[in-house]
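The lines below spell out each chain.
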Amino acid sequence: MSFAFHAFRPALYRPVLMACTLCWSLVYAPSIQAAEWNIDQLMHGLAQIKSGHVSFVETKTMAILDRPLVASGDMIYTAPDKLEKRTLKPKPETMQINGNQLLVEKGKQKHQVQLQDFPELAAFIDSIRGTLAGDRKALERNYLLSLEGSEASWTLQLIPTNSKMKQVVAQIRISGVRDEVRSISITQADGDSSRMLIEKIVPPKLAAQ
Amino acid sequence: MTAGMQHISRSAKLAVMAWLAFLLACGLIISRSTFTTDLSAFLPRSPTAEQQLLLDQIRDGVASRIILVNIDGADAKERAQLSKQLASRLRQDPAFVSVQNGEPVNTEQDRAYFFNNRYLLSSAVTPARFEVAGLRDALNESVDLLTSPAGLMVKSILPQDPSGEMMHLLGQLTSAKQPALSEGVWASRDGKRAVMLVQTKASGADTDAQEAAINRISKNFKDLQTAASKASLQMTGPSVFGVKARETIHSEVTWLSILSTVLIAVLLLAVYRSVLALGLGFLPVISGALAGIAAVSLAFGSVHGITLGFGTALIGEAVDYSIYLFVQSRQGTVAHAQRQTQWLKQFWPTIRLGVLTSIVGFASLLWSGFPGLAQLGLYSIAGLITAALVTRFVLPHLLPQQFSIREVSNLGMILSKLVQKANAIKWPALIVIALATAVVVQNRQHIWNDKISSLSPVSQTDIQLDASLRMDTGAPDTRYIVVTTGISREDVLQNSERIGNVLQTHKDEGLLASYEAPSRYLPSLASQKQRQASLPDVETLKRNLAAASVGLPFKTDVFAPFYNAIEKAKTQPLLEAKDLVNTSMQTALDALLIQPNQQEQQGARWSALLPLTANPNSSIDAQRLNADLQALNKNMNTKAILVDMKQESDHLYAGYLSEAIKLSVGGLLAMVVLLLAVTRSVTRVLRLMVPLLAAVITVTAGLSLFGQQLIILHLIGLLLVVAVGSNYALFFDSPKRDAISPSTLTSMLVANMTTVAGFGLLAFSKVSILQAMGVTVAPGVVLALLYAAIFAPASSQKQQPI
Numbered sequence: 001m002s003f004a005f006h007a008f009r010p011a012l013y014r015p016v017l018m019a020c021t022l023c024w025s026l027v028y029a030p031s032i033q034a035a036e037w038n039i040d041q042l043m044h045g046l047a048q049i050k051s052g053h054v055s056f057v058e059t060k061t062m063a064i065l066d067r068p069l070v071a072s073g074d075m076i077y078t079a080p081d082k083l084e085k086r087t088l089k090p091k092p093e094t095m096q097i098n099g100n101q102l103l104v105e106k107g108k109q110k111h112q113v114q115l116q117d118f119p120e121l122a123a124f125i126d127s128i129r130g131t132l133a134g135d136r137k138a139l140e141r142n143y144l145l146s147l148e149g150s151e152a153s154w155t156l157q158l159i160p161t162n163s164k165m166k167q168v169v170a171q172i173r174i175s176g177v178r179d180e181v182r183s184i185s186i187t188q189a190d191g192d193s194s195r196m197l198i199e200k201i202v203p204p205k206l207a208a209q
Numbered sequence: 001m002t003a004g005m006q007h008i009s010r011s012a013k014l015a016v017m018a019w020l021a022f023l024l025a026c027g028l029i030i031s032r033s034t035f036t037t038d039l040s041a042f043l044p045r046s047p048t049a050e051q052q053l054l055l056d057q058i059r060d061g062v063a064s065r066i067i068l069v070n071i072d073g074a075d076a077k078e079r080a081q082l083s084k085q086l087a088s089r090l091r092q093d094p095a096f097v098s099v100q101n102g103e104p105v106n107t108e109q110d111r112a113y114f115f116n117n118r119y120l121l122s123s124a125v126t127p128a129r130f131e132v133a134g135l136r137d138a139l140n141e142s143v144d145l146l147t148s149p150a151g152l153m154v155k156s157i158l159p160q161d162p163s164g165e166m167m168h169l170l171g172q173l174t175s176a177k178q179p180a181l182s183e184g185v186w187a188s189r190d191g192k193r194a195v196m197l198v199q200t201k202a203s204g205a206d207t208d209a210q211e212a213a214i215n216r217i218s219k220n221f222k223d224l225q226t227a228a229s230k231a232s233l234q235m236t237g238p239s240v241f242g243v244k245a246r247e248t249i250h251s252e253v254t255w256l257s258i259l260s261t262v263l264i265a266v267l268l269l270a271v272y273r274s275v276l277a278l279g280l281g282f283l284p285v286i287s288g289a290l291a292g293i294a295a296v297s298l299a300f301g302s303v304h305g306i307t308l309g310f311g312t313a314l315i316g317e318a319v320d321y322s323i324y325l326f327v328q329s330r331q332g333t334v335a336h337a338q339r340q341t342q343w344l345k346q347f348w349p350t351i352r353l354g355v356l357t358s359i360v361g362f363a364s365l366l367w368s369g370f371p372g373l374a375q376l377g378l379y380s381i382a383g384l385i386t387a388a389l390v391t392r393f394v395l396p397h398l399l400p401q402q403f404s405i406r407e408v409s410n411l412g413m414i415l416s417k418l419v420q421k422a423n424a425i426k427w428p429a430l431i432v433i434a435l436a437t438a439v440v441v442q443n444r445q446h447i448w449n450d451k452i453s454s455l456s457p458v459s460q461t462d463i464q465l466d467a468s469l470r471m472d473t474g475a476p477d478t479r480y481i482v483v484t485t486g487i488s489r490e491d492v493l494q495n496s497e498r499i500g501n502v503l504q505t506h507k508d509e510g511l512l513a514s515y516e517a518p519s520r521y522l523p524s525l526a527s528q529k530q531r532q533a534s535l536p537d538v539e540t541l542k543r544n545l546a547a548a549s550v551g552l553p554f555k556t557d558v559f560a561p562f563y564n565a566i567e568k569a570k571t572q573p574l575l576e577a578k579d580l581v582n583t584s585m586q587t588a589l590d591a592l593l594i595q596p597n598q599q600e601q602q603g604a605r606w607s608a609l610l611p612l613t614a615n616p617n618s619s620i621d622a623q624r625l626n627a628d629l630q631a632l633n634k635n636m637n638t639k640a641i642l643v644d645m646k647q648e649s650d651h652l653y654a655g656y657l658s659e660a661i662k663l664s665v666g667g668l669l670a671m672v673v674l675l676l677a678v679t680r681s682v683t684r685v686l687r688l689m690v691p692l693l694a695a696v697i698t699v700t701a702g703l704s705l706f707g708q709q710l711i712i713l714h715l716i717g718l719l720l721v722v723a724v725g726s727n728y729a730l731f732f733d734s735p736k737r738d739a740i741s742p743s744t745l746t747s748m749l750v751a752n753m754t755t756v757a758g759f760g761l762l763a764f765s766k767v768s769i770l771q772a773m774g775v776t777v778a779p780g781v782v783l784a785l786l787y788a789a790i791f792a793p794a795s796s797q798k799q800q801p802i
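Protein chains in written order, with our numbering: chain E, 1 to 209; chain A, 1 to 802.
Extracted from the complex, chain E is given alone in its bound form (with noise of 0.2 Å):
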C-alpha cells in the first residue's frame, strides 16, 4: 500500500537555479583553419573540443551593492553534456551538470533537480552547451546569434527570443581566440551583470599530442 502524499514541487528553486546557469560558462582549445570565417566555422572548430579544464575569475556588478563581488574556481566540459564548476573563492561551491541532472553542493547541503522540470532553464543551459559543443541548430532554438570580430578574435552574441528568458537576460556575449572561449559576459534584463574571465589549464589537445 503506497500514499501518494503530494509531492511538493520545487518550483521555487527556479531562481537559484537561473542564477547558476547565468554564470556557467565554459571553453576551448586549439583549432583547424578555416577558408571563411563564420558562425559555422566557428561551430565546426568548437565542436572538435571534446574536453576542457580552465579557471575563471567571475565578477559581479549589483546595482544595490556599492561594489562588484568576485569569485574564482575551476571548470571542467567533457562533451557532450558534462558541466562542473567549482568556485574555490570566497566560498567552496560545486555545480554539476550532466545530461538533465543538475546538482548543487555547498557544504553539507545538496540539491538535485531535473533539468527538463524546468524549461526556461534547460534553454539556458543548452546555449551554453551547444555553445562549447558547437551545435548551432541548438543555440538557434532559443537565441538570435551574431558574430563579430575575426578568427583571432571574435564575439559570439546570443539575444534570447523566448519572452521569459528576456526576462531575465538581456544578452549573452562570448568571445574567444580561434576555438578557446575567452570570455563570458552576461547583461541581465535589470542591469545588473556579471563577467567571467576563463584561462585554460591544460589544453586537452596539447596534452594528448
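No lab work stands behind these hints: they were computed from the structure.
It is possible that some hints are incorrect.
Pair ranges (Cβ atoms, derived) [stated by the list, open to error]: (1) E:99 / A:109: 30 to 38 Å; (2) E:61 / A:543: 23 to 31 Å; (3) A:259 / E:99: 51 to 59 Å; (4) E:70 / A:108: 33 to 41 Å; (5) E:38 / A:192: 39 to 47 Å.
Cβ atoms here follow ideal geometry from the backbone N, Cα and C, with glycine treated the same way.
Based on these hints, arrange chain A on the given structure of chain E.
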C-alpha cells in the same frame, strides 16, 4: 399444482401461508438492502490504533482518492497535448481537487504564500535574529550567496528579506524525486507514455462518486481525441480498482448465478424428466437464498457482493434437500402420502443431522472479527435452515397427488453395485490419503499465501500498471508515518511542530532522508503569535541593521522594503487553513491534517500525519525514533505513534489468517461435538469424520501440488466440504445398519453433481475469493462422497456389521 392444493390440510395451509409471508418479509428487507463490493468487509471490525490508521487510509485517505492516469500510444507531442488539454478540463471540474501533470500551474501562488507570510512561517524567526549580531550573520551569508551562483535570486529579494527567511523556508522543503518531463508534461521513465496524478473531491470509499469521476476522465479524453488518434487512456489507483472490482463482482455474480441455475436445472431435468419437479425443487433454494440475503442485510446493514457470489454456489448445496425428498420418496409402489411419511421417518432424521452439522460448522464464522467472513457464515446458516425447513414442512404439501419423478432405480442399482465394490479400493485410497498427508506436511511452510493482496479482486496487469505509474509519478513510498492526535486543529499542529523538531534531529543526523509535516505549511497559532512577537519595531530594526552592515558592500538605502515588510508582518492576520486555497500546499495539508468526521459522535479527534522518507537503500532507525517519540509524549503529551504501514498490513493479515484457521478448527470441533451428542458413539463419529478429513487433506494436497497457495476463502471452502460431506457420511452410516438403498445412492450422486456444478463454476471466476472457494469445494465434495463410499461401514455394503 392446483390439483394438489385441494388436498391441503389446515396445518399444511398454515405452513404454506407462513412460508409465503416469510418470503414476502424477506423480499421487503432485500428491497431496502444496500449492496457493497469494497474489500473493507474483509478488514477487521475492531482494529488497533495503528490498524485503524491503516484502514482509514485505505478507505478514505488521500491515497484512496488519487487516480493515476496514463496516456499511451501516439507520439510524445500528441500525448503531451492530450495531457495538457485533459488536465485543463479536469482542473475546471469541481469533482477534482488537484490535477498534476507537470505543468507549473500553482507556482506563482505557492511562491506568494511563502514569501508574503515568511515571518509567520519561518521557524528561524526569534528575537535574536533581529539584533545586531543576528542581522550581521544573515547579511554576511547574503554576501556569500550573491557571490555564488544563487546570487540572482538573493539579489531580487534581498532588499525585502535580508534575514533570509525565504531561503530558510525553501531549504526545509524536500525536493522529492520528480517525474521525467517530455514536451512540458510528466512522462514515464521510458518516455513512451504521459502520466498524470488526479485527486478526486469525493472520498475513496464513495464508489458511486469515484465511478462518476472515472467516467468523466474517460469522457473528456474521448472528446479531446481526434478520430485518427492512436492514443489510449488507462487509469489505476485504489478507487479505480474499487470501481473495477464492483463491476467485476457484479458481472461475475450475474453470470455465475444464471449459469449455475441453468446447469443445475438441466442436470435435474435429466434426472427428474419433470418440469414440475424441477420447479418445486428450486423452491427451497430460492427461499434459502432470500432468507440468507435478508438475514445478512438485517444483521450487517449491507450485503457484500462476495456473499451473493457465494450464495449462488450454495444453490448447489441447498437443492440437495429437495433431491433427497424427491428421489428417496420415489422408491416403492406405495401411495403418495405413505411414501412421504416413510421418507420423514426414514430419511429426515439423517438429513436434519446433516443440516445441523453444517450449521454448527458455519456458526463458528459468526465470531469472526472480519464482517465479510461473518456474512458468509450467517448467509449459509440462514440459507440452509430455510431450505431444509421448506423442504420438510412446505414442499411435501405442494406436491401434487400423482407427483412422481422418473424411475431412477436403474441408476441406483448400478451405483449399488459400485458401492459394494468400493470397499475393495480401501487400501489404494489409504495410500492416496497417506501421500496427500505427506504432501501437506512437506509443504506446510508454503501452504498459505501470506499477502493481503491475495484477497484483492484486482488483476495482475492492473497491479503492474499501477506500480509502474507510481514509479513514474514519483508518488513517494510512505511506509513510515508518525501520527499524532488532538482535540483541535491547533492542538495537533502544535504536536506536529514538536514532532517535527524530533524528526529534524533525525534528518540532521542522516537517519532520515526527509519528512513532511502539516505545520510546515500551516504553523500553529501559538507559534505564529510567538514569531510575530519576536519582530522588533521599525526604529530598533533600522538601528540594528545600520550597525550590522558596517563594512559590508550594501548601499545604504537598499533595505527600505525590509522595514515595510516587518512593520506589515507585525500586525498581519495569523494564517488559517483558508489562506492555502489555490496553492499546491492545500492538497498537502488536506492529506496531512485530518479533521474528525462530523457524523461521528463526540470525542472525535483531529489527527496529523508526518510521513517519513528513508534514505535510499536503508531503513529508518525505528527503535530510536520510537524512544524519542515516547520521551516527547511523556513530556509534552503529543500522543505520537510511529506506524510502519507494511508491518501493520502484515500483522493485519496474519491475524486474519490465524483467526480464520482457529474458527474453522472450532467449527470442525463443534461438528464433532454435535455428532457425539447425537450418536453417542465415538467410533461412529470417527467413522463419519474419516472420509471428511481425508477429503480435506486430499484437496489441500492437490491445491498445493498445482501451486495454488491457500487464502482464507480456501479455508471456508474446506469447511464447506466438511459440511456438505457430512450428509454423505451420515447416509452411508445409517443407524439402522441396513443396506443403503439404491435410491438414496442416486439422490446422493445427484446432490453431489449439483454441488459440483454450483461451486465448480466459481473456479472459473476472475475474482480470486470466489475462485478459491470453487477450486476447493468442487473436488472436495466429490472426494468426500467417494471416501464416504469407500470407507462406509460394512453394514451398508451388505456385509457383516463391525
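Enumerate the violated hints, using their earlier numbering and listing them in ascending order.
No hint contradicted; all consistent.
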